[in-house]
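Asker: Okay, here's what each chain looks like letter by letter:
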Amino acid sequence: MGLKRTFHLLGSPPTVYRLAGLLGPWVGIGAVILIAAGTYGGLVLAPPDYLQGDGFRIIYVHVPSAYIGLMAYVLMAVAAAVGFIWHMKIAHAVAVSAAPVGASFTFLALVTGAVWGKPMWGTYWQWADARLVSELVLLFLYLGVMLLRASFDDRDKGDRVSAVLAVVGVVNVPIIHYSVEWWSTLHQGPTIAQLDTPSITMDMLVPLLTMIAGFTLCFAWLILKRVQAEILDRESRARWVEQLVTGASA
Amino acid sequence: MKEFLAMGGYAAYVWTSYGITAFVVALNVWLAQRRYRRALGALRPAGTQAEPVRQPTVRKMT
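Residue numbers (our numbering), protein chains in the order written: chain A, 1 to 250; chain B, 1 to 62.
Keep in mind the hints are simulated off the structure, nothing from the lab. Just so you know, even glycine gets a beta-carbon here, dropped at the ideal spot from N, CA and C.
Label-pair restraints from in silico Cβ distances: (1) 238/A to 1/B: 54 to 60 Å; (2) 150/A to 5/B: 41 to 47 Å; (3) 119/A to 44/B: 50 to 56 Å; (4) 167/A to 11/B: 39 to 45 Å; (5) 33/B to 124/A: 30 to 36 Å; (6) 33/B to 87/A: 28 to 34 Å.
Listed next, the stretches of chain A that the computed footprint assigns to chain B, with coverage defined by at least 3 CB atoms under 8 Å from CB atoms of chain B: (7) 47-55; (8) 61-73; (9) 103-115; (10) 228-240.
One side of the interface only, derived from the structure: several residues of chain B facing chain A at Cβ under 7 Å: (11) 7; (12) 8; (13) 13; (14) 17; (15) 18; (16) 20; (17) 21; (18) 39; (19) 43.
Chain A extracted, bound-state conformation (with noise of 0.2 Å):
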């Protein structure tokens, strides 16, 4: 299948609406599945951190919740960019469904990081850290984004206006990555992003892969729910929908 070809068919609601339909449930019980093992492995095999003791397992929450949120973020405005310059409509659909559950991730970042932070360096949130701030800023970017499209009564002006935000708030991914190299910072620096020399050994690392992977798969089954819900809602008078409606097979 060519690329065109390729192109073209993500391109057909009523193609991406099936497709996710039959995607969705292999995706959710993958993502179950990951997950279940990921907390098993974190929780119970790895073995205690000998400097952070027990406390270091909040990391297989913790990163990969901060991975999808910022993941989401560069998804959507990828899609939200896509979406603005060839007016395609599920691409838009893709952003505006990026947006919801990456805030959350990346809330879930911010939160069960100050809670790691308390402990290991004796405070929830520090204001002068540059990757504590710049994960907030990623947060807000977020916000601004579902708000700036909620502000527009005219469906197509809040697609393309929120895309304009999403694409420029983008600087701020790299500024996250790589604050813990640019700035002093509390926050530990990469652990698992250099593979000739990882800094964590295999029975603590193959938990978080795992625990990454289910993360992963579950804002994949969230983005293919929310992605159908979306094409329902922009092509409701489709005449496929129609048919998928009354039950008459298309």
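Fit chain B to the given chain A structure using the hints.
Answerer: What follows is chain B alone, placed relative to chain A:
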């Protein structure tokens, strides 16, 4: 089991983190499902209204 729950003295921090995470993930699943059900539900009335509107025009012609 008691030792496991104690988390080496970090029980409050570890279980708070896992609890909030479970809550937010469950909330996400619930909200996405509700969003989908509502989108589907919004289509139904439009589908059922279409038929009674069409019928009177047929009767007038006969």
